[in-house]
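Chemist: The whole structure should be built from the sequences, with the hints applied where relevant.
Now for the letters of each chain:
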Amino acid sequence: MTADRARALPRSREVGIDIAVIIPVSERCDDVHALYDAYRKALQSAGYSYEFTYVLDGYFPEVLEALEQLQARGEPLRVIKLARGFGEATALTAGFQNSSGDTILTLPAYYQVEPSEISKLLSAARDHDMAIGRRFPRTDSRLNRLQTRLFNWGLNTITGSSFHDLGCSARAFKRQITEDIPLYGDQHRFLPVLASRQGYRIKEIDVAQSPKDKFTRFYRPGVYPRRLLDALTVFFLVKFTKKPLRFFGLIGTATFAIGGFILLYMVAQRVFFDMALADRPALLLSSLLVVLGVQIFALGLLGELVIFTHAKDIKEYTIEEIIN
Amino acid sequence: MDLSIVVPLYNERGNVNPLYSGIVDAVAPLGIDYEILFIDDGSTDTTFANACALAAEDHRLRVIRFRRNCGQTAAMAAGIDHARGTIVLTMDGDLQNDPADIPEFLKKINEGYDIVVGWRYNRQDKLVTRKIPSRIANWLIGKVTGIPIKDNGCSLKAFRAKVIKAIPLYSEMHRFIPAMTSLAGARLIEIKVRHHARKHGVSKYGLSRIYKVLLDLLVTKTIVSFAARPLLWFSVLALPAVVTSIVALFISIYGPLATSSTFSVPIAGVGVLFGALTVILLLGGVLGELVYKTGDTRLDKLSFLTAERLQPRAKTQ
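As they're listed, the protein sequences go chains A and B. According to the numbering used here, numbering within the first sequence proceeds without interruption in unit steps and concludes at 324. According to the numbering used here, numbering within the second sequence proceeds without interruption in unit steps and concludes at 317.
These are computed hints drawn from the structure, not numbers from a lab. All C-beta atoms in this analysis are idealised placements derived from N, C-alpha and C, irrespective of residue type, glycine included. Please note: incorrect hints may appear among the correct ones.
DSS-like, lysine-lysine: derived pairs with alpha carbons at most 27 Å apart [what the hints assert, rightly or not]:
1. A:Lys41 x A:Lys174
2. B:Lys293 x A:Lys242
3. B:Lys126 x B:Lys165
4. A:Lys242 x B:Lys165
5. A:Lys239 x B:Lys221
For the chain A half of the interface with chain B, some residues (derived, Cβ under 8 Å), not all of them [stated by the list, open to error]:
6. Arg134
7. Gly199
8. Val238
9. Thr255
10. Asp279
11. Leu301
12. Glu304
13. Leu305
14. Val306
15. Ile323
Covered stretches of chain B (chain A as the covering partner; in silico rule of three or more C-beta atoms under 8 Å from a C-beta of chain A) [what the hints assert, rightly or not]:
16. 75 to 86
17. 280 to 288
Modeler: Here it is in structure tokens:
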């Protein structure tokens, strides 16, 4: 991660900040001034001290200009500009590292939730470790809702969690969580899943959807398989981090067994019923399965080796407190 | 500091106080500098509050609280990571181990052993669900690893701190610590310990863990014998593939030449497939060597930690 220009405020002004507001800016970005004012008003009326951090994930000259105007107005905000687009999780991480405040509030750079609703999140984050927004009731198109529902259903099924709206970027949580859970790629969506695995208490809060979030969204076709891969990665992180051979071994052994069974069957036919082996394509199939099975098993072994030799880096526990 | 006593606790509120006073009664007369580490593994009862009340009175008692239930191995690993003593002693939090045995363990470490393992020779548990499965498991672990320890499941163990801190502890590996360290050249001794029936609380074990133990045993055995020389191990895996490949290729070429039968595509295909498997396995072995060399858990390094390098062996008194 290279933040090539971090326009930071003087350190002295950070003292006593309650809430670090992190706003990652990527392709989808609405009117900066209006949204900033709406967010600021909501935070001010709730009586928090706050500091905004905008992270530009790529080259967005208009947004940068608008933010510079806000800074010139004397608003408490800092801008971090990444050298190129690294993905939202990386942008968020850059924001976490370059901000202060024990509570972190991430907000979308576009109209997704009603800004007045964020105080609900912040008050819930006091009693829980993390409060995540759920756009409810939904007012956007049926197709959007179907996409959301399918995505969350699929993810809940593979990870065994029960979240309704992981696509909602409005979340408030303790800074501790960002230190325990490193994020990369597109994993920011799954932060609640990973955090709840680590034992953090998470609360879903219904927030009103912004009326400007209504238009129907289609993503580029490449986005859908990427989401699926992300979900699989999280599944591995959650279930098999420390036991690769349990997983790979199972698949490998099954593949090997199927191939071996077909092979034995054909050898038996050759020996007892005198059916020629040489002209049977099934011979190729069974050998292919056997070879594949051994390869998968070998991959599992390599995985175990990686875990074994690096086990000191991966803690299996999270400590809440130490007395004495 | 001389001694760190690590005790994982999970819903043991009735046992915290008697356990603490038992340990203090056993260790205080020895006149050594010691600490007690209680690890609260995400208890849902008052275990943590009870332990904190004790810790407020005694600065030698440290309490570590987990955010959620992470399992016994993780609790032990946390205790070992935070231990400051030159000797680490682990024991169960359910009072089935007797703290009065602790001095005997220290004596053995001072005699020069790296690991002292307890053997519950008159075990006070249910026969069918606890003792018989455990006996089978111990026999199997002994056979597979070649280290005949009578009681791998006994938590009462003492380690030289530098040895145990170099051992990777994850999943349910705590059961195989003796086998792993022994293979790395540590000197190990097994001594008889007292064992009491449970007074407070309920047992957290059942028959369901047998499957996991078997799988972990397989992994441990494989890893321990394979970790230090992955290339060799993968070569052994590749041997049948090489043989199959050569035989199949020979048949497919020799057939048409000698007997003027037609060239068999499937058989030649089998030969090529297994040839490819051989190459991939060998490359995988090279990759394994790379992983091992860059990793920080090295069994060969570990063996230098033990004071004198003797042949690995297990003894029973």
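Chemist: If a hint holds in the structure, say so; if it doesn't, say that too.
Modeler: Against the structure, the hints come out as follows:
1. Restraint check for A:Lys41 and A:Lys174: the C-alpha separation of about 22 Å stays at or below 27 Å, so the hint holds.
2. For the hint linking B:Lys293 to A:Lys242, the alpha-carbon distance of about 20 Å falls within 27 Å, and the restraint holds.
3. For the hint pairing B:Lys126 with B:Lys165, the CA-to-CA distance comes to about 34 Å; that exceeds 27 Å, so the pair is violated.
4. Taking the CA atoms of A:Lys242 and B:Lys165, the gap is about 19 Å. The hint holds against a cut of 27 Å.
5. Proposed proximity of A:Lys239 and B:Lys221 is supported: the alpha carbons are some 22 Å apart, at most 27 Å.
6. Proximity of A:Arg134 to chain B is violated relative to the hint, the smallest CB-CB distance being about 23 Å (cut-off 8 Å).
7. The criterion of a C-beta within 8 Å of any C-beta in chain B is met by A:Gly199, whose closest approach is roughly 3 Å, and the hint holds.
8. Hint status for A:Val238 relative to chain B: violated, with the closest Cβ pair at about 13 Å, above 8 Å.
9. With a cut of 8 Å, the hint placing A:Thr255 at the interface with chain B is violated, because the nearest CB-to-CB distance is about 13 Å.
10. Given hint, A:Asp279 at the interface with chain B, holds; its Cβ is 6 Å from that chain's nearest Cβ, closer than 8 Å.
11. Annotation: interface hint on A:Leu301 holds; nearest CB of chain B at approximately 7 Å, less than 8 Å.
12. A hinted interface residue such as A:Glu304 counts as satisfied when its beta carbon comes closer than 8 Å to some beta carbon of chain B; here the least separation is about 6 Å, so the hint holds.
13. The restraint placing A:Leu305 at the interface with chain B holds, with a minimum CB-CB distance near 5 Å, inside the 8 Å limit.
14. Annotation: interface hint on A:Val306 holds; nearest CB of chain B at approximately 5 Å, less than 8 Å.
15. Against a cut-off of 8 Å between C-beta atoms, the interface hint on A:Ile323 holds, since the closest Cβ of chain B lies about 4 Å away.
16. Beta-carbon proximity to chain A at under 8 Å applies to 4 residues in the region 75 to 86 of chain B; the threshold of 3 is reached and the given coverage holds.
17. With 5 residues carrying a beta carbon less than 8 Å from a beta carbon of chain A, the region 280 to 288 of chain B meets the three-residue requirement, and the given coverage holds.
Of the hints listed earlier, those the structure fails to meet are numbers 3, 6, 8, 9, in rising order.
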